[in-house]
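Protein chains: 2
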Amino acid sequence: MKLKYAVIGTGAIGGYYGGRLAHAGNEVHFLFHSEYEYVKSNGLRVDSVVGDFVVNPINAYRSTADMPKCDVVIVALKSTQNHLLQDMLKPLLHEKTVVLLIQNGLGLEAELAQTFPNLTIAGGLAFICSSRMGVGHISHQDYGPLTVGFQCHAQQDVLLQMKEDMEAAKVPFIIADDLNLARWKKLVWNIPYNGLTVALNTSTDVIMKTPSSRQLVTDMMEEVLAAAEVCGAKIERSFIDDMLRMTDQMTPYSPSMKLDFDNNRQMEIRAIYSNPIRIAKEAGYYMRKVEMLEQQLLFIQKRMNG
Amino acid sequence: MKLKYAVIGTGAIGGYYGGRLAHAGNEVHFLFHSEYEYVKSNGLRVDSVVGDFVVNPINAYRSTADMPKCDVVIVALKSTQNHLLQDMLKPLLHEKTVVLLIQNGLGLEAELAQTFPNLTIAGGLAFICSSRMGVGHISHQDYGPLTVGFQCHAQQDVLLQMKEDMEAAKVPFIIADDLNLARWKKLVWNIPYNGLTVALNTSTDVIMKTPSSRQLVTDMMEEVLAAAEVCGAKIERSFIDDMLRMTDQMTPYSPSMKLDFDNNRQMEIRAIYSNPIRIAKEAGYYMRKVEMLEQQLLFIQKRMNG
Chain A
1 MKLKYAVIGT GAIGGYYGGR LAHAGNEVHF LFHSEYEYVK SNGLRVDSVV
51 GDFVVNPINA YRSTADMPKC DVVIVALKST QNHLLQDMLK PLLHEKTVVL
101 LIQNGLGLEA ELAQTFPNLT IAGGLAFICS SRMGVGHISH QDYGPLTVGF
151 QCHAQQDVLL QMKEDMEAAK VPFIIADDLN LARWKKLVWN IPYNGLTVAL
201 NTSTDVIMKT PSSRQLVTDM MEEVLAAAEV CGAKIERSFI DDMLRMTDQM
251 TPYSPSMKLD FDNNRQMEIR AIYSNPIRIA KEAGYYMRKV EMLEQQLLFI
301 QKRMNG
Chain B
1 MKLKYAVIGT GAIGGYYGGR LAHAGNEVHF LFHSEYEYVK SNGLRVDSVV
51 GDFVVNPINA YRSTADMPKC DVVIVALKST QNHLLQDMLK PLLHEKTVVL
101 LIQNGLGLEA ELAQTFPNLT IAGGLAFICS SRMGVGHISH QDYGPLTVGF
151 QCHAQQDVLL QMKEDMEAAK VPFIIADDLN LARWKKLVWN IPYNGLTVAL
201 NTSTDVIMKT PSSRQLVTDM MEEVLAAAEV CGAKIERSFI DDMLRMTDQM
251 TPYSPSMKLD FDNNRQMEIR AIYSNPIRIA KEAGYYMRKV EMLEQQLLFI
301 QKRMNG
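Protein chains in written order, with our numbering: chain A, 1 to 306; chain B, 1 to 306.
FYI, nobody ran anything at the bench for these hints, they're computed from the structure.
Treat the hints with care, since some could be wrong.
Treat identical chains as interchangeable: a pair holds within one or across any two.
[Said to hold, decoys possible] 25 Å max Cα-Cα, derived SDA-like pairs, lysine to any residue:
no., residue 1, residue 2
1, Lys186, Asn59
2, Lys281, Ala226
3, Lys78, Asn118
4, Lys96, Gly134
5, Lys281, Arg237
6, Lys302, Asp205
7, Lys186, Lys209
8, Lys302, Asp262
9, Lys209, Asn275
10, Lys69, Gly232
11, Lys96, Pro252
12, Lys302, Ser203
13, Lys302, Asn201
14, Lys302, Met208
15, Lys69, Lys96
16, Lys170, Asn264
17, Lys170, Val54
18, Lys281, Glu222
19, Lys69, Gly306
20, Lys302, Leu259
21, Lys78, Ser212
22, Lys78, His33
23, Lys302, Thr202
Throw the hints in and build the complete structure from the sequences for me.
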């Protein structure tokens, strides 16, 4: 089976995974906005720890209306843009299209399913350090695995082919039997560090070296574990220690939300905070410290928006 | 009965109340540090909405070792300086001296009682807008009542005389039958606004106008009420609405902790946060959002201290 791919949101994540697939010989169609003219002439450049490459020529588009229907649509937009999906996706969908949301947070697949009840929706978690260096230029510094599972409906044959394509393109690919568990596990890290680096205007290493904020991180991780459990995702307590140890060993790091904050962009508060808080509350657990961080982030976002 | 007063911490609060007593003809001895030379020559100037005055000559000292023993010692230091009291108080105490702590927070009288188990200790709450304008110059803009009650031992005759002296000096004086309740009631306002204006680097009016932070204030007030109740201080729920309404009507305001933060001074985290959190936990209630604010303030204080 030969899969035809589309990438919506050709940034550091979408550009990397889509670029890898294209470089390995797959048919990939990319949506661009401001970068369109540049990549049409110069291609998409990816500097990567597992090998540099340029995708040139590239199937680049300004609008999904000009793109062909595809078998797999990789959505790597920031989740703050997901309200655009209703219109953007339509031209790309045939009856068996799989839409893969490579996005942080919780509840995004369910939101999309409300708009497209019959769509096969998968969720993806990218464990990667990758950033946009400039126009048409992505730098991949570390890691890279992609974890993917189905949320609404399932098409195992497409998933297996995707795994084969990705692995042939040097992307480690993990099939998640339990996407809900995978998403909650990622939230154990994302919830404390994304928001606290913004609220305290600092970086992960300073948080870890200061006893009171280190304890606060631990408290919040414990809340996330308790919330995950009532939502059917049982995570061992030792996972918290693993996350703390991993963060101790990381180089000083600004999570994506801190980069958004520093660059005056919208923060992914809904996906990473509001949705998990609401979903856990509905299931019977109230993450109080996490909710306080959400309240502070909403305050900060409102001040940024003026 | 003629009371001899001492004032330790002759700032905006101690200078105002002590100055009022001296201006009304009472014997008051003031401790100064950097302002000593100036006030010796120029006196202590108080501009007040209920009448300006200058205390000149003034009984000013550089050290409590030079001061006489007094009947009432008014301590209006910032609570971050209370570790100095052990040495400072000794020269001032006779057998029946009453030490009055006019300070924010909780647990300070109990701390002092550990050092001086036989001392008569009272607590005072100042409802006043007063600030230091410059060397030897205090400005009293609004309010003024002083609420006083006993924490350890009691000397009603001294308290009644103090009330008489204060009222003759234009200071409304309220005897608190339940100092614990009075302190918890003041914390209902102090806990959310002092810390949040620092953590969010804003003022009370912006907090009140932003839905997420207004809700956070309400959440924290509810935690304080629950904590107060397990500590034997029952406060009606309507008190929260009163506090919110009062703050809505206030001019934009920076609480004392925000002023300390803006001026790079130590914040009263222990008295206003750590002590109430610990005391409530021991009594069986965990203020989670309040504790998160404490953790953030400790982080901010540590970064300020470098």
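Results for each hint:
{"no.": "1", "hint": "Lys186 / Asn59", "result": "neither (32 Å within a copy, 66 Å between copies)"}
{"no.": "2", "hint": "Lys281 / Ala226", "result": "both (11 Å within a copy, 21 Å between copies)"}
{"no.": "3", "hint": "Lys78 / Asn118", "result": "within (23 Å within a copy, 65 Å between copies)"}
{"no.": "4", "hint": "Lys96 / Gly134", "result": "neither (35 Å within a copy, 76 Å between copies)"}
{"no.": "5", "hint": "Lys281 / Arg237", "result": "both (21 Å within a copy, 24 Å between copies)"}
{"no.": "6", "hint": "Lys302 / Asp205", "result": "between (27 Å within a copy, 14 Å between copies)"}
{"no.": "7", "hint": "Lys186 / Lys209", "result": "within (22 Å within a copy, 34 Å between copies)"}
{"no.": "8", "hint": "Lys302 / Asp262", "result": "both (15 Å within a copy, 22 Å between copies)"}
{"no.": "9", "hint": "Lys209 / Asn275", "result": "between (30 Å within a copy, 24 Å between copies)"}
{"no.": "10", "hint": "Lys69 / Gly232", "result": "neither (36 Å within a copy, 68 Å between copies)"}
{"no.": "11", "hint": "Lys96 / Pro252", "result": "neither (43 Å within a copy, 58 Å between copies)"}
{"no.": "12", "hint": "Lys302 / Ser203", "result": "both (22 Å within a copy, 15 Å between copies)"}
{"no.": "13", "hint": "Lys302 / Asn201", "result": "both (16 Å within a copy, 14 Å between copies)"}
{"no.": "14", "hint": "Lys302 / Met208", "result": "between (28 Å within a copy, 13 Å between copies)"}
{"no.": "15", "hint": "Lys69 / Lys96", "result": "within (10 Å within a copy, 91 Å between copies)"}
{"no.": "16", "hint": "Lys170 / Asn264", "result": "neither (34 Å within a copy, 52 Å between copies)"}
{"no.": "17", "hint": "Lys170 / Val54", "result": "within (15 Å within a copy, 81 Å between copies)"}
{"no.": "18", "hint": "Lys281 / Glu222", "result": "both (15 Å within a copy, 18 Å between copies)"}
{"no.": "19", "hint": "Lys69 / Gly306", "result": "neither (40 Å within a copy, 58 Å between copies)"}
{"no.": "20", "hint": "Lys302 / Leu259", "result": "both (17 Å within a copy, 24 Å between copies)"}
{"no.": "21", "hint": "Lys78 / Ser212", "result": "between (31 Å within a copy, 23 Å between copies)"}
{"no.": "22", "hint": "Lys78 / His33", "result": "within (14 Å within a copy, 57 Å between copies)"}
{"no.": "23", "hint": "Lys302 / Thr202", "result": "both (20 Å within a copy, 13 Å between copies)"}
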